[in-house]
Amino acid sequence: MSAGAITMMVVGIVIIWGGLAASIINAVVKAKRNKNTSNV
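Letter 35 of the sequence shown, counting from 1, is numbered 35 in the numbering used here, and no numbers are missing.
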C-alpha cells in the first residue's frame with residue numbers, strides 16, 4: 001500500500017472510532033444528568 005492510502009485509512013479509522021467514542025460519552029453524560037435532575 002502507498003503512504004497516501006495508509007494515511008487515508010488511518011484518518012478514516014480515527015474519524016469513525018472517535019465519533020463512536022464521542023457518541024458513547026455523550027450518551028453516558030446525558031444519562032447521568034437525567035438521573036441527577038429526576039432525583040431532585
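The set of hints was computed from the structure by calculation and includes no laboratory data.
Hints are supplied without guarantee of correctness; some may be wrong.
Unchecked claim - Taking CB as the label site, the calculated pair distances span:
1. Gly4 x Thr37: 22 to 30 Å
2. Asn36 x Ile15: 29 to 37 Å
3. Val11 x Lys32: 42 to 50 Å
4. Thr37 x Thr7: 24 to 32 Å
5. Lys35 x Ala3: 44 to 52 Å
Glycine included, C-beta positions come from ideal geometry on N, C-alpha and C.
Here's how the hints hold up against the structure:
no.	hint	verdict
1	Gly4 x Thr37: 22 to 30 Å	violated (49 Å)
2	Asn36 x Ile15: 29 to 37 Å	holds (32 Å)
3	Val11 x Lys32: 42 to 50 Å	violated (32 Å)
4	Thr37 x Thr7: 24 to 32 Å	violated (44 Å)
5	Lys35 x Ala3: 44 to 52 Å	holds (48 Å)
Taken one by one, the earlier hints fail for this structure at numbers 1, 3, 4, listed in ascending order.
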